[in-house]
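Enquirer: Here are the chains, one letter per residue:
Number of protein chains: 2
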Amino acid sequence: MIELDLDEPPVVVTAGTSLFAEALSAQAAEPREVQWAPPVPGSEGALAAIAADPRTGPAAAESVRKMTAARPYWVDVIPASQALGLSPRELLHAGPPVSWADASGPLRGALAGAMVYEGLAGDVDEAARIAARGGVSLAPCHSRGAVGPMAGVVSASMPVSVLEDTEQGGRAYCTLNEGLGQVLRYGAYSPEVIDRLRWLERMLGPLLARTLHRGGPVDVRSLIAQALQMGDECHNRNRAATSLLLREITPALLEIGAPGPDVAAAFRFISGNDHFFLNLAMPAGKVAADAGRDIPGSAMVVAMARNGTEFGIQVSGTGDEWFTAPAPIVEGLFLPGFGAADANPDIGDSTITETTGIGGFAMAAAPAIVRFVGGDPADAIRNTLQMYEITLAEHPVYQVPVLNFRGTPTGIDATLVVRSGVVPIVNTGIAGREPGVGQVGAGLVTPPMPAFADAVRALGHRARG
Amino acid sequence: MIELDLDEPPVVVTAGTSLFAEALSAQAAEPREVQWAPPVPGSEGALAAIAADPRTGPAAAESVRKMTAARPYWVDVIPASQALGLSPRELLHAGPPVSWADASGPLRGALAGAMVYEGLAGDVDEAARIAARGGVSLAPCHSRGAVGPMAGVVSASMPVSVLEDTEQGGRAYCTLNEGLGQVLRYGAYSPEVIDRLRWLERMLGPLLARTLHRGGPVDVRSLIAQALQMGDECHNRNRAATSLLLREITPALLEIGAPGPDVAAAFRFISGNDHFFLNLAMPAGKVAADAGRDIPGSAMVVAMARNGTEFGIQVSGTGDEWFTAPAPIVEGLFLPGFGAADANPDIGDSTITETTGIGGFAMAAAPAIVRFVGGDPADAIRNTLQMYEITLAEHPVYQVPVLNFRGTPTGIDATLVVRSGVVPIVNTGIAGREPGVGQVGAGLVTPPMPAFADAVRALGHRARG
Chain A
1 MIELDLDEPP VVVTAGTSLF AEALSAQAAE PREVQWAPPV PGSEGALAAI
51 AADPRTGPAA AESVRKMTAA RPYWVDVIPA SQALGLSPRE LLHAGPPVSW
101 ADASGPLRGA LAGAMVYEGL AGDVDEAARI AARGGVSLAP CHSRGAVGPM
151 AGVVSASMPV SVLEDTEQGG RAYCTLNEGL GQVLRYGAYS PEVIDRLRWL
201 ERMLGPLLAR TLHRGGPVDV RSLIAQALQM GDECHNRNRA ATSLLLREIT
251 PALLEIGAPG PDVAAAFRFI SGNDHFFLNL AMPAGKVAAD AGRDIPGSAM
301 VVAMARNGTE FGIQVSGTGD EWFTAPAPIV EGLFLPGFGA ADANPDIGDS
351 TITETTGIGG FAMAAAPAIV RFVGGDPADA IRNTLQMYEI TLAEHPVYQV
401 PVLNFRGTPT GIDATLVVRS GVVPIVNTGI AGREPGVGQV GAGLVTPPMP
451 AFADAVRALG HRARG
Chain B
1001 MIELDLDEPP VVVTAGTSLF AEALSAQAAE PREVQWAPPV PGSEGALAAI
1051 AADPRTGPAA AESVRKMTAA RPYWVDVIPA SQALGLSPRE LLHAGPPVSW
1101 ADASGPLRGA LAGAMVYEGL AGDVDEAARI AARGGVSLAP CHSRGAVGPM
1151 AGVVSASMPV SVLEDTEQGG RAYCTLNEGL GQVLRYGAYS PEVIDRLRWL
1201 ERMLGPLLAR TLHRGGPVDV RSLIAQALQM GDECHNRNRA ATSLLLREIT
1251 PALLEIGAPG PDVAAAFRFI SGNDHFFLNL AMPAGKVAAD AGRDIPGSAM
1301 VVAMARNGTE FGIQVSGTGD EWFTAPAPIV EGLFLPGFGA ADANPDIGDS
1351 TITETTGIGG FAMAAAPAIV RFVGGDPADA IRNTLQMYEI TLAEHPVYQV
1401 PVLNFRGTPT GIDATLVVRS GVVPIVNTGI AGREPGVGQV GAGLVTPPMP
1451 AFADAVRALG HRARG
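So the protein sequences, as listed, match chains A and B.
Read in order, the letters of the first sequence are residues 1 to 465 in the numbering used here.
Read in order, the letters of the second sequence are residues 1001 to 1465 in the numbering used here.
So that you can see chain A by itself, here it is in the shape it has in the complex (with noise of 0.2 Å):
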């Protein structure tokens, strides 16, 4: 026993399990208990081989500082085809690779409607049975610079927004959203599906183009601020900044020269559906990723995205590859007549809003999303804070009201996730499993460790040189 000579009550800090901290507890102390628990078994090594690179550091500064620089503007709404340079026979998807064959019931209902809506196929069964004899090839929209919601399927004729990065000169696209409920993004196909698309090639994209090229630019960075302050978190809730974003481009609709009707149909289409915006939040945050890329050294993390069978992340410092674990269930709540059994593991590219600090990581600036996904107000706010403890910065821009205007946690570090056992919180919509259900539900969803630790080896071996 050592003698202590002290003026104040002695503290005691524990970390670990809690045991530690409970057995004090029973005998009248008040420990102060440090959240810790030991890396992921199998990263020890790697995690020590990236602490002792001198890159590393410098790397996700730079990583996370050249994604928050990024100031993306909505410039214009083109055709899929002269954006991307898809031909008719490609279709994009979100998440990382996948095949046909390994593809889920929602991915592979978005796909065939939109062979049907391309015209390759008459309905369908014969889009199924042409893309499972390789009919079409399919790949990750991450890998063209566009990011889609769930199913996230882009073909040549959709219209997509343009978003720039005016400060860093990169560009992202995304399809515009299809509103709710029987949706191609969803899985299904209906005929009112393969309408609904015809209508935004035909009418509701080159409106909005030609709004764009008359009233200029759309900040979209701003939108995303303002609506912070105003109760969004840009992922799931988007009802502020859709509604700024109908106060700033209507002006111009207005003074295009449209026919009325089609003005108004235009109007009442996008008020119609709060997550319009969500189109736009998406590429907003996959050109800042993208600025943070291939930064040697870096372990943020550009991409977290999921195709319904599996979800992968990718890494600054280990560019284009993918670290991928199964697709995880989302616990949430459900649509009237829908339960956890018609519920498809997690899906879609929208992850790239908690890439790069909104959606789940901005939680407490939007209590009342927690009616969407679940939860209460306090588990919003806790979610934001805990995200501080993975992320490299606070947000210059993005800010939470209710903690005195703190910077949103952005930029995530894979070697903290895998240090600190803490994974990014992620909230998300609920596809149905079956192809043609539509949307079942949303809520809150963990993404795999694995992916993070596999990440974390990647690097750990570059670092090893």
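Hints in this document: simulated from the structure, not taken from any laboratory.
Note that beta-carbon positions come from the ideal geometry of N, C-alpha and C, so glycine has one too.
Among these hints, one or two may not hold up.
For the chain B half of the interface with chain A, some residues (derived, Cβ under 8 Å), not all of them [to be verified]:
1) R1239
2) G1421
3) V1422
Going by beta-carbon spacing under 8 Å, a handful of chain B positions derived as facing chain A [as the list claims (entries may be wrong)]:
4) S1099
5) W1100
6) A1101
7) D1102
8) P1367
9) A1368
10) P1401
Pair ranges (Cβ atoms, derived) [said to hold, decoys possible]:
11) B:D1294 with A:P396: 54 to 60 Å
12) B:A1037 with A:A51: 55 to 61 Å
13) A:A48 with B:N1404: 42 to 48 Å
14) B:G1122 with A:A69: 44 to 50 Å
15) B:P1259 with A:R89: 36 to 42 Å
16) A:R202 with B:G1216: 46 to 52 Å
17) B:L1180 with A:A341: 26 to 32 Å
18) A:P88 with B:R1406: 36 to 42 Å
19) A:D125 with B:R1406: 32 to 38 Å
20) A:E389 with B:P1259: 55 to 61 Å
With the hints as your guide, set chain B onto chain A.
Expert: Chain B in isolation, oriented as in the chain A frame:
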């Protein structure tokens, strides 16, 4: 000394002056301090009489039930002459009654500007001479079922919105919001101000009337409820509500067949002013507060209003009687180039928002407002929490997400104000002291306790018999 035999350490509860608690703390005890202060001196007898009156509890409950049951819709825009029966030489103003001789600078500026606008005078100097010799009659907006922000001047030709309580049948009225900068309500009267009033009368008012006739009444209660989930408190922050309103009315505005440039000008005008919705939130409050009027025995406040010289309240159980005290000074943030010396005392009917459970009472829903009125987000939450101490109910529809969707504190009980020493929290714009200057800042203001004490004495007098 009393001997106590306790299983646990005793807990000391202290009330009243904090000296008791401080003395215990100095002796290493941990007192639980209860916020309590003696009632305002001179009001004890009235409070006792009111407490002994069997009508008191049921009357208060009935008045707040009727206030919160109101369901105000925006049904029309018509000239004030028609809506309020105003003759050309009648002018309404904010707050309790006041004469020209006692009117403050901004109220004189607005009255003179309105007289020029109505053609009653060739310029503001002539208008002042006419007013000084009694050439116009003045009355509070509240006396005609109307409310007006800041100076709150209403004259016969101005278009006013008609709000109708579809549940209980009442109606209330308010002018259209003029926008920011040089505007009549802040006492400005330049030619630009008068021209804008004419444009409201000849263009925007009729366009909005046609829009409402085509699209149908707008559910203002629903817009307020949604805006409280989006960072507004609907007094000094109306950005979300104005955005949602535009989404609601624009489809019909596009379909009334008005010339394209007029429609674009109307949209730009509303979208260019985040406070446009205030002039709907205010009459929505007025029609709700009026539903709770004239319940014998009820101490519920049904009006708080300031004319720039005096602050006044009306209470349900004392009819149309005003209880007044000198208007207080606003503590807040000033626009560049202005300071406290430029500020007029508190002015405007916009405190109808606080009277009905929003505005300062709902600041916890609007943490970003502190950038406009001062303080930090924690203050905003504390302000809302404190208002539960002096209110009768939690609003069934207006909710604060960050307080786990608790209803806003609604229905101020004047006896609770006098008993507790807690006065309602009000946030407000600050008008320049000199006529013609306009807005100089925004902040928080503490209504004067004597007005509440006088109301309680009057109610006590009625309780006695």
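Enquirer: Quick check: does the Cβ-Cβ distance between A1037 (chain B) and A51 (chain A) fall within 55 to 61 Å?
Expert: 59 Å, holds
Enquirer: Just to be careful: measuring from the Cβ of W1100 (chain B) to every Cβ in chain A, is the smallest value less than 8 Å?
Expert: 41 Å, violated
Enquirer: Double-check A1368 (chain B) for me: the hint is only fine if its C-beta lies closer than 8 Å to a C-beta in chain A.
Expert: 4 Å, holds
Enquirer: Just to be careful: measuring from the Cβ of P1401 (chain B) to every Cβ in chain A, is the smallest value less than 8 Å?
Expert: At 4 Å from the nearest chain A Cβ, P1401 (chain B) passes the 8 Å test, so the hint holds.
Enquirer: The hint names S1099 (chain B) as touching chain A; please verify it with the least Cβ-Cβ distance against 8 Å.
Expert: 43 Å, violated
Enquirer: Could one say that the CB atoms of G1122 (chain B) and A69 (chain A) fall in the range 44 to 50 Å?
Expert: Once the Cβ atoms are compared, 58 Å apart, the range 44 to 50 Å for A69 (chain A) and G1122 (chain B) is violated.
Enquirer: Could you see if the CB distance from A48 (chain A) to N1404 (chain B) stays within 42 to 48 Å?
Expert: 45 Å, holds
Enquirer: With a cut-off of 8 Å, does the beta carbon of R1239 (chain B) approach a beta carbon of chain A closely enough for the hint to hold?
Expert: Hint on R1239 (chain B): holds, closest Cβ of chain A at ~7 Å, below 8 Å.
Enquirer: If I claimed the Cβ atoms of E389 (chain A) and P1259 (chain B) lie 55 to 61 Å apart, would that claim hold in this structure?
Expert: At roughly 58 Å between Cβ atoms, P1259 (chain B) and E389 (chain A) fall inside 55 to 61 Å, so the hint holds.
Enquirer: Take the C-beta atom of R202 (chain A) and the C-beta atom of G1216 (chain B), compute their distance, and say whether it sits inside 46 to 52 Å.
Expert: Violated, since R202 (chain A) and G1216 (chain B) (Cβ atoms, about 31 Å apart) do not stay within the stated range.
Enquirer: Confirm or reject the claim that P1259 (chain B) and R89 (chain A) have a C-beta distance inside 36 to 42 Å.
Expert: At roughly 48 Å between Cβ atoms, R89 (chain A) and P1259 (chain B) fall outside 36 to 42 Å, so the hint is violated.
Enquirer: P88 (chain A) and R1406 (chain B), beta-carbon distance inside 36 to 42 Å?
Expert: 56 Å, violated
When each numbered hint is compared with the structure, violations occur for hints 2, 3, 4, 5, 6, 7, 14, 15, 16, 17, 18 and 19.
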